[in-house]
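Protein sequence lines correspond, in order, to chains P and F. Residue 139 in my numbering is what sits at position 139 of the first sequence, and the numbering runs on without skipping anything. Residue 201 in my numbering is what sits at position 201 of the second sequence, and the numbering runs on without skipping anything.
Worth double-checking, as some hints may not be accurate.
Said to hold, decoys possible - Per the computed footprint, the stretches of chain F lying under chain P, defined by three or more beta-carbons under 8 Å from a beta-carbon of chain P, are: (1) 65-79; (2) 97-107.
Unchecked claim - With a straight-line cut-off of 27 Å between C-alpha atoms, the simulated DSSO-like cross-links for lysine-lysine are: (3) F/331 <-> F/320; (4) P/171 <-> F/129; (5) F/320 <-> F/167; (6) F/129 <-> P/273; (7) F/167 <-> F/129; (8) F/65 <-> F/104; (9) P/171 <-> P/273; (10) F/129 <-> F/177; (11) F/317 <-> F/331; (12) F/101 <-> P/273; (13) P/171 <-> F/101; (14) F/101 <-> F/113.
Treat the hints as calculated values from the structure; they're not laboratory data. The structure presented is a predicted model; accordingly, all values stated were derived computationally and were not measured. Idealized CB from N, CA, C, for every residue including glycine.
Given next are the chains, with one letter for each unit.
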Amino acid sequence: MLSATQRNWALSLPAFVIVGLLAVVPAVMMLASAFTSPDIEGFTLANFEKLWNSKLAFQAFWRTIRVAIIVTLITIVLGYPLAIGFLRAGPRMQSILLPMLVFPLMVSVVVRAYGWIVVLSPSGIFNQVLLGLGIVASPVDLLYSETAVILGESQLLLPYMVLSLMASLQKAESNLEEASMSLGANPVTTFFRIVIPISVPGLLTGTLLVFALALTAFATPLLLGGGRAPLLTTLIYSFAFTTFDWSAAAAVGLVLVILALAFVWLQRWVGQKVMKSYE
Amino acid sequence: MSSVEVRNLVKKYGDFTAVRDASFRAETGSLISILGPSGCGKTTTLRAIAGFETATSGDILLDDKPVNDIPPWRRNIGIVFQSYALFPFMTVADNVGYGLKMRKMDRDQIARKTDDALNRVGLPDSHLKYPRQLSGGQRQRVALARALVIEPAVMLLDEPLSALDAKLRDEMRFELKRIQRQSGVTTLLVTHDQEEAFTLSDQIVVMNNAVVKQVGSPREIWDNPNCAFVADFIGIENILPAERTTNGVRIAGHDFAALSDAAPGSDIMAAFRSSDLELAGDEAGQFAGQVVGEAYTGNYNVYQVQTGLSEAPIILKTGKSQRLSGTINLKLAPDRIKILERD
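The shape of chain P in the complex, shown without the other chains (with noise of 0.2 Å):
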């Protein structure tokens, strides 16, 4: 007979075989094309080399971390107002707002980026209201830029922002801002001062997800950034399937990698300085 301990191992061994074959070693094979190069025997950082020398791959890590920082900032900001007049709608208003907050999830990044190009081509619909208006004599190029990629992925990973908002706002107590009132906070100050302290739990796990998110997103940056704004993300596709230079592409992949876990340990760090008066 095998002990309790045996059978368990026994029992999870294929989902450790599948895991191992289908995530680890395609992630070690690109750790260690990453430090080849076809020219040279044996390793080398040669390919680092070429992106630090390399004027487009220094901007394109730079834009990487701009759009996602002003990405979550962005969902910050309309994240709150939104999770605050959800919670306070009624029954019935909510049963109409979670599918309208939640549909956009359902549907595909790409149509969603499509839907964007419509609204942001020089004939889109943005542009033919400020013609119409006499606000611009022509029309504004929007279309394949950063401000572009910011606004689809900012609508995008809004829900991610607004759900965790929701999830440690609702679990505050009602009275708590009664309370705060009662003690001669207006309601400005009674936002600042317990609604955001409150929300601080749910501020971190929104922010972890939608920087993640806006960090590694690959179809938006694609369509709505193009050529003109590269991300690392549209960077490796380019070097992978334009170039074929699969060390290069492995090498960017490297840097993405370690940028977001530099962030999930920022984030960490920050939380458990801030979640020490939560627990």
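Fit chain F to the known structure of chain P by using the hints.
What follows is chain F alone, placed relative to chain P:
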């Protein structure tokens, strides 16, 4: 400190009336309770005084000045919520000091007043703890300190003891009264627990179905409930439909002498406590009954007695040494029969 008055308060939510024409007054420094079952409108009334609900009509007066148009954050009212509503991410000291900070006091003053308030509620060294590290009773003391430290015109307590277990509840009842007396703050308490209302209050407002049924001191309400609802709510066991006669009441054809100024012939309810029924022994009583049920409750024996007065058995309470069975004769003293309006 101020007096509080609620004058003809009406609160409607669409077609639903939560409070219908409620009026009562609490004098400066007194403790008044609103007593009633859940859904009777007592919490809505409290929230209207705090300013969280706007009155559909009627007035809230503090020190005889209407405050209907003053928002909650300028009313200077201290509230202790049923759940205490302590700010979970703040220490005890920060919780208590919050209201003082909003009043733009300087650090030293806040620290001094916070110390003082925490001493008053008997929590002298919990400044740096967080609410989650405190017991239920301690949380309540913090909530009390937080409400008192701002020197409110009125302190409102929403079911202050309901979240505590029985033993702690008794202890906090005394504490609450002591703290209220020492600070001298006018206090309005909302509760569904008649014992809580009777032991703590100077005045009791009994509410049911959005209506104020009776306002009076605990003794007045205990001795002279004015309607069947109040009588039932304060635990009078036997309430029977009756008719007023010239010198008493007639219950199901039986005449009893009673003290009342209701007009003869009018339909009323007659009520008497289980402990006010007397055994008539062998001499002729006023009515006879058959013991159909008995229960021991430690200090008392409680009996169900089937009589000609009503279809359901009436309740009789005797001392623990007195046991009854079979047919018994009963009588009722005229001053023990309470005459009530029919609801």
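A quick look at each hint next to the structure:
Coverage of the stretch 65-79 of chain F by chain P holds [criterion: at least 3 residues with CB-CB distance below 8 Å; count 9]. Remark: the stretch 97-107 of chain F is confirmed as covered by chain P, as 4 of its residues place a Cβ nearer than 8 Å to a Cβ of that chain, reaching the required three. With a CA separation close to 20 Å, the supplied pair residue 331 of chain F and residue 320 of chain F stays within the 27 Å bound. For the proposed pair residue 171 of chain P and residue 129 of chain F, the alpha carbon gap of about 21 Å is at most 27 Å, so the pair holds.
At roughly 25 Å between alpha-carbon atoms, residue 320 of chain F and residue 167 of chain F fall within 27 Å of each other, so this suggested pair holds. The suggested pairing of residue 129 of chain F with residue 273 of chain P holds, with an alpha-carbon distance near 17 Å, which does not exceed 27 Å. Between residue 167 of chain F and residue 129 of chain F, the direct Cα distance comes to roughly 24 Å. Compliance with the 27 Å bound is thereby established for this hinted pair. Taking the CA atoms of residue 65 of chain F and residue 104 of chain F, the gap is near 26 Å; set against the 27 Å cutoff, the hint holds.
Note on residue 171 of chain P and residue 273 of chain P: the hinted pairing holds, with a Cα-Cα distance of about 21 Å set against a maximum of 27 Å. Between residue 129 of chain F and residue 177 of chain F the alpha-carbon distance is near 26 Å, which keeps this suggested pair within the 27 Å criterion. Of the pairs offered as hints, the one joining residue 317 of chain F and residue 331 of chain F holds, with about 13 Å between alpha carbons and a cut-off of 27 Å not exceeded. Restraint check for residue 101 of chain F and residue 273 of chain P: the C-alpha separation of about 24 Å stays at or below 27 Å, so the hint holds.
Of the supplied pair hints, the one linking residue 171 of chain P and residue 101 of chain F holds, its CA atoms being roughly 26 Å apart against a limit of 27 Å. Under the criterion of a C-alpha separation no larger than 27 Å, the hint pairing residue 101 of chain F with residue 113 of chain F is consistent with the structure, at around 11 Å.
Checked against the numbered hints given earlier, this structure breaks none of them.
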